[in-house]
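Student: Protein sequence lines, in the order shown, are assigned to chains A and B. With this note's numbering applied, the first sequence closes on residue 328, and no number is skipped along the way. With this note's numbering applied, the second sequence closes on residue 328, and no number is skipped along the way.
Take these hints with a grain of salt, some might be off.
Same chains, same names: a pair is fine if it fits in one copy or spans any two.
[As the list claims (entries may be wrong)] Below, computed lysine-lysine pairings styled on DSSO-like, alpha-carbon distance capped at 30 Å:
(1) K250 / K191
(2) K60 / K250
(3) K191 / K278
(4) K278 / K60
(5) K325 / K195
(6) K278 / K250
FYI, nobody ran anything at the bench for these hints, they're computed from the structure.
2 protein chains.
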Amino acid sequence: MTAPLFNTICFVGIGLINSSLARAVRKHGLAARVVTLDADPAACQVALELGVVDAAFTDAAAAVPGADLVVVGTPVGAVEAVGRAIGPHLAPGTIITDVGSVKIAVLRDLEPSLPEGVHFVPGHPIAGTEHSGPAAGFAELFEGRWCILTPQAHTDAKAIAKVRALWEAVGSTVEEMEPHHHDRVLAITSHLPHLIAYTIVGTANDLEGHLQQEVIKFSASGFRDFTRIAASDPIMWRDIFLNNKEAVLEVIQRFTEDLTALQRSIRWGEGEVLEQRFAETRAIRRAIIDAKQDR
Amino acid sequence: MTAPLFNTICFVGIGLINSSLARAVRKHGLAARVVTLDADPAACQVALELGVVDAAFTDAAAAVPGADLVVVGTPVGAVEAVGRAIGPHLAPGTIITDVGSVKIAVLRDLEPSLPEGVHFVPGHPIAGTEHSGPAAGFAELFEGRWCILTPQAHTDAKAIAKVRALWEAVGSTVEEMEPHHHDRVLAITSHLPHLIAYTIVGTANDLEGHLQQEVIKFSASGFRDFTRIAASDPIMWRDIFLNNKEAVLEVIQRFTEDLTALQRSIRWGEGEVLEQRFAETRAIRRAIIDAKQDR
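Start from the sequences and build out the full structure, keeping to the hints where you can.
Tutor: Right under this line is the structure:
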């Protein structure tokens, strides 16, 4: 029997992503032991009861020592405090990675707390659902999905290879990317769509009562497609917007210009402009289906 | 054996909705004969080959006489021309309905061509997919969905009852509504979401080549939810926006105000405002799931 990829993995924060990864690690036998550190005792309890982890702790001093891999899976706004809590307990040679949706801010907030000899390999699995918490996770979440790693020039190559091997073992395809580029790409593929979905569902939420009921009733006509992602975790998303501010503001600006142009075409009855614009967007859907990323 | 609900139904335009309804009519034995009138000979051919209709015509004089129900299922911008083409062939007592996504404009464009004694019951099934054309239809499309009828005060009660019976027989729940109210509700539940989806997918489409490839690759992070509805028929949607201009422009205005407020909160780091706003929208998703309209 070959040795597992890691001896002990400590999952910091046991929400949707980390609890899915913990399940996948156990399913594929990628670690001898799986523990979690979560500030919320209720989340620890659920993770233990569901058999997602071998042990759960609310105290870093109990959770972190002995782990050869630490996976930070908290909202990105909590990463700085996580770094301060776990930093003193990280032994040289430990690999630390994360699953955060922004990468510049995580590097900025986590690196200062990491002792010499600890290897940080920032990561971001492009997978998720609108559900939150340890009970929402499932081992297959990462199968057929991309995972982006954003190591730096000085990052230990062996540490990168081990984190890559972890994601590949749970079914993902790994791509390395420069962290600024990651934040810009995700601003358009993920952060803007979520902001737009939150906005449109909020606009509907503000309608007078009877109209709001009808919005729910007749949501199959388009609206419901937005409500799924607008049901995502509010704290996670608050932190993403606050921590990828520049890239997000830039794509909102582009989006608003494009919406204003369509609005003007509607006002002035420019049917040809509308038809042409609507025809262009079909090609992207086809490309997504061809890339098997449509579900 | 009881007589079917209708003798001959003539479907004008044999796209996704009408070909689905034709299939459902045959499946449930709701008409003795099903024919189509479509200006496109290729669509007629497909409908015949798939056994969706008994006969297909490109000429109104051949298609319409003998039908006791006519269902107009063309893009709403074509309804006026359809009225002029079929009007002379409609016998007194014929019922005519439509499946258009706007109702004021259809009433405006169709009624002037209808002879005395023809009963017009405007309708709108709240169902659809992003696919178009006669081959995309399926008999179950309307099961568990709403269908809105917008008859006028003078509309014949028996004609309304028969159109209602048709939609109920194919699995829908029917609601009657005033046409102005329909156009306002659908502007928020359907027309705005489609415009936003077209816009955001268009914004991505305008990116430089390599970034566009990455948008497709990493679309599972939110973007892909928008691409499905942005793949809807361009001509159908051009016509909807041009024919529900005032209601659509009003909801775009509301949406833009809300987006601008969130943009400002991101710029100024107002985390509490963002969190609160994002938490509110979860409730609407739950209501949609409770109303069984989430898929």
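Student: Does each hint fit the structure? Answer for all of them.
Tutor: Hints versus structure:
1. K250 / K191: between (54 Å within a copy, 26 Å between copies)
2. K60 / K250: between (41 Å within a copy, 27 Å between copies)
3. K191 / K278: neither (33 Å within a copy, 60 Å between copies)
4. K278 / K60: Answer is neither: 37 Å inside a copy and 54 Å across each miss the 30 Å cutoff.
5. K325 / K195: Result: close within a single copy only, 26 Å intra versus 44 Å inter.
6. K278 / K250: between (35 Å within a copy, 23 Å between copies)
The structure fails to meet hints 3 and 4 from the earlier list, while all remaining hints are met.
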